[in-house]
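Participant: Here is how the chains run, residue by residue.
Number of protein chains: 2
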Amino acid sequence: MGKEITIYDIASQLQLSPATVSRALNNHPAINEKTKVLINAKAEELGYRSNKFASNLRKQKTNTIGVIVPRLNSYIMSTVIAGMEKVANDEGFNLIISQSLESQRKEIANTKTMFNSRVDGLLVSVAFDTDSFEHFQPFLKKKIPLIFFDRIFENSDCPNIVIDNAKGGYEATKHLIEQGFKNIIHITGNLKRNVYSDRLKGYQQALSEFEIPFKSDNVWVTALSLEAGKEVAHRIKALPIKPDALFVSSDLCAVSCIATLKELNITVPNDIAVVGFNNDPVSQVISPKLTTIHYPAKEMGEMAVKSMINHLKGNFNLDATNTITLRSELIVRESSLFLTHS
Amino acid sequence: MGKEITIYDIASQLQLSPATVSRALNNHPAINEKTKVLINAKAEELGYRSNKFASNLRKQKTNTIGVIVPRLNSYIMSTVIAGMEKVANDEGFNLIISQSLESQRKEIANTKTMFNSRVDGLLVSVAFDTDSFEHFQPFLKKKIPLIFFDRIFENSDCPNIVIDNAKGGYEATKHLIEQGFKNIIHITGNLKRNVYSDRLKGYQQALSEFEIPFKSDNVWVTALSLEAGKEVAHRIKALPIKPDALFVSSDLCAVSCIATLKELNITVPNDIAVVGFNNDPVSQVISPKLTTIHYPAKEMGEMAVKSMINHLKGNFNLDATNTITLRSELIVRESSLFLTHS
DNA sequence: TTTTATTATGCAATCGGTTGCATTAATTTT
DNA sequence: AAAATTAATGCAACCGATTGCATAATAAAA
Chain A
1 MGKEITIYDI
11 ASQLQLSPAT
21 VSRALNNHPA
31 INEKTKVLIN
41 AKAEELGYRS
51 NKFASNLRKQ
61 KTNTIGVIVP
71 RLNSYIMSTV
81 IAGMEKVAND
91 EGFNLIISQS
101 LESQRKEIAN
111 TKTMFNSRVD
121 GLLVSVAFDT
131 DSFEHFQPFL
141 KKKIPLIFFD
151 RIFENSDCPN
161 IVIDNAKGGY
171 EATKHLIEQG
181 FKNIIHITGN
191 LKRNVYSDRL
201 KGYQQALSEF
211 EIPFKSDNVW
221 VTALSLEAGK
231 EVAHRIKALP
241 IKPDALFVSS
251 DLCAVSCIAT
261 LKELNITVPN
271 DIAVVGFNND
281 PVSQVISPKL
291 TTIHYPAKEM
301 GEMAVKSMIN
311 HLKGNFNLDA
321 TNTITLRSEL
331 IVRESSLFLT
341 HS
Chain B
1 MGKEITIYDI
11 ASQLQLSPAT
21 VSRALNNHPA
31 INEKTKVLIN
41 AKAEELGYRS
51 NKFASNLRKQ
61 KTNTIGVIVP
71 RLNSYIMSTV
81 IAGMEKVAND
91 EGFNLIISQS
101 LESQRKEIAN
111 TKTMFNSRVD
121 GLLVSVAFDT
131 DSFEHFQPFL
141 KKKIPLIFFD
151 RIFENSDCPN
161 IVIDNAKGGY
171 EATKHLIEQG
181 FKNIIHITGN
191 LKRNVYSDRL
201 KGYQQALSEF
211 EIPFKSDNVW
221 VTALSLEAGK
231 EVAHRIKALP
241 IKPDALFVSS
251 DLCAVSCIAT
261 LKELNITVPN
271 DIAVVGFNND
281 PVSQVISPKL
291 TTIHYPAKEM
301 GEMAVKSMIN
311 HLKGNFNLDA
321 TNTITLRSEL
331 IVRESSLFLT
341 HS
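Taken in sequence, the protein lines are chains A and B.
For the first sequence, our numbering assigns the number 1 to the initial residue and increments by one for each residue that follows.
For the second sequence, our numbering assigns the number 1 to the initial residue and increments by one for each residue that follows.
To be clear, the hints were calculated from the coordinates, so they are not data collected in a lab.
Fair warning: there could be bad hints in the mix.
Pairs involving identical chains hold if they fit within one copy or between any two copies, as the list cannot separate such chains.
[What the hints assert, rightly or not] Straight-line distance between alpha carbons at most 35 Å, and here's what the computed DSBU-like set of lysine-lysine pairs gives:
1) 262 / 298
2) 59 / 141
3) 142 / 42
4) 201 / 174
5) 112 / 298
6) 59 / 306
7) 215 / 192
8) 143 / 167
9) 34 / 112
Because the structure is a prediction, the values reported are computed rather than measured.
Using the sequences and the hints given, assemble the complete structure.
Facilitator: Rendered as structure tokens:
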């Protein structure tokens, strides 16, 4: 037991050289078909498995893609990762996944680890407070491809994979306005991040289109967490003039806010309408069901890894592509409908 | 540029042998302290990074732990993975993560990939329909440590990391009974899996303790999905004699069921009380807030990787340990409270 | 039949650390 | 001062696959 089979074992048993065996196993065109069949059969028979370390050492490739995300345990990110895993697995690539926990410090540490692990490429969704590009420079210097997804680093010259956040923000807001709501508060996250600043732009555009004046007091920057949702509700309760609608950049936060509003005797959508973002499963199981923007998380993960692998294999050059935008769409449910009070 | 620094570069610059450099960088006791300092300084100066492939090739170790889970994008699993990632990262181990998507076929494919990737150890939570242990045998044969967590493989002789599911089921049920409910339906998943069969045992034990007869018709096996929750609600609506309480083995399913019941004019907890399982964030944001069993997912992930690494480092022998049980606890919220009808 | 392609295979160096077994230098013991 | 320890470093083989450059064998062209 235990003894690992190598190409040398196969070679000596078949009276061939290890070079031929190696080429045969890699389907090299210079090897005779019959020889290939012979070698593959013997490899199968002996239970041969290629030693990736020897191979990687020689080829100076790791077949590994690094992934850095703010956190793994959010609906969106775990779904993105699920999509990534699927494609990577099918293509024979490994993923090294790490989380920045929304801190630039941790993100920097993660990039170092990735760099030392010699990933062939790196996929990143940046943390809330990342404002330096410094820690990504080593990758560019070494020509290690770097793709940002979801939370991208603007003006970085790196390819990006995103949804059209401005469009999402615009549609959510427009929908609320069309339902008759005018005093719409936008609950969002750190505006350093494109996902939030772009949605804000969409929000502003919709307001402007309907000639509703934009008030900066109506944009509340929060952590978009469960707790943030509660706080928002209490803050609304305390307002002398209440908004008639909320556009919240995260379903979980929106839902938590709705629940707390209910406790405070403010009902949705009667008193305040709400639109979320992401189409988290939670949006379907609360009452009222939450109107939201569908986020193609799985597709984004698949696309990110596919693009990276294609680039690594030289199928197409990423440098030409700057941004890939995936389709997202408004899903209207109950939480944003104008109800005539009977 | 791009030229990678090796121990040979360091060695020649310092007029030392590569062997000494290697030992110094690994803090080998036979190397003089001053020499170590010198070598480390030079390594730092040149931007040296160790080549893991050369090292792994020689050491016949991969520093990689494989993880197979049913799916990545569930609250529990993404949280388990988050915990695993944290510990692995801190300890300098890599994780290769793959999902079986609840299918034994895919799980078998995953184990093969893991085997060929030569993971040093494997952590598994098995799929719904896995009933063969066959695909894990190669690991045992090669003495590659194998640990099951959450959904374990009973009678496998492998170490397991679990919560006390029977206790969870018992406490959930007992709580309902103590609230005055007697006709309690248990919504669960595939009973092949310990997590569900053990919770059922707990349910039965509580009933028996309070001398409530157990009816097998009151155990409904479902996929525990959002859709399953809806179906359960409709099925309950159609029942001539309705249950007064539900114990559902997943919060998301419970919540979806509650939402659908509401649509069908059955209110929780007034008409039917509900207890879930997992303490998914969703349980706090719905109305009524869901009583549930807290599942220490992050701790489970941390524990699994810690145990694996300790074993690999020889710190302690896993074979001695059979099962590690983590603490879980009942969290009482509104959905299970008996309300006097005013 | 000789020369030239073409095809198939082998040789041997290489990737970069690691480690058993010397060897040398420094220190202690007798 | 000679012998025996101890400490510090070096030599060289090794891990297993890959690949540029022969070389041999066969087929095609002259």
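Participant: State whether the alpha carbon distance between residue 112 and residue 298 is at most 35 Å within one copy, between copies, both, or neither.
Facilitator: both (27 Å within a copy, 24 Å between copies)
Participant: I want to check one pair: residue 34 and residue 112. Are their C-alpha atoms no more than 35 Å apart within a copy, between two copies, both, or neither?
Facilitator: between (47 Å within a copy, 27 Å between copies)
Participant: I want to check one pair: residue 143 and residue 167. Are their C-alpha atoms no more than 35 Å apart within a copy, between two copies, both, or neither?
Facilitator: Answer is within: at 33 Å inside a copy they meet the 35 Å cutoff, but 54 Å across does not.
Participant: For the identical chains here, do residue 142 and residue 42 meet the 35 Å Cα criterion within one copy, between copies, both, or neither?
Facilitator: Answer is between: at 21 Å across copies they meet the 35 Å cutoff, but 40 Å inside does not.
Participant: How do residue 59 and residue 141 come out at 35 Å by Cα distance, when the copy is not named: within, between, both, or neither?
Facilitator: both (20 Å within a copy, 30 Å between copies)
Participant: How would you classify residue 262 and residue 298 at a CA-CA limit of 35 Å: within, between, both, or neither?
Facilitator: Both ways: residue 262 and residue 298 sit 33 Å apart in one copy and 31 Å across, limit 35 Å.
Participant: If the cut is 35 Å between Cα atoms, do residue 201 and residue 174 qualify within a copy, between copies, both or neither?
Facilitator: within (12 Å within a copy, 53 Å between copies)
Participant: Please sort residue 59 with residue 306 into within, between, both or neither, judging by C-alpha distance up to 35 Å.
Facilitator: Classified as both: same-chain Cα gap 21 Å, cross-chain 33 Å, threshold 35 Å.
Participant: Within a copy, between copies, both or neither: where do residue 215 and residue 192 come within 35 Å Cα-Cα?
Facilitator: within (19 Å within a copy, 58 Å between copies)
Going through the hint list in order, the structure satisfies each hint without exception.
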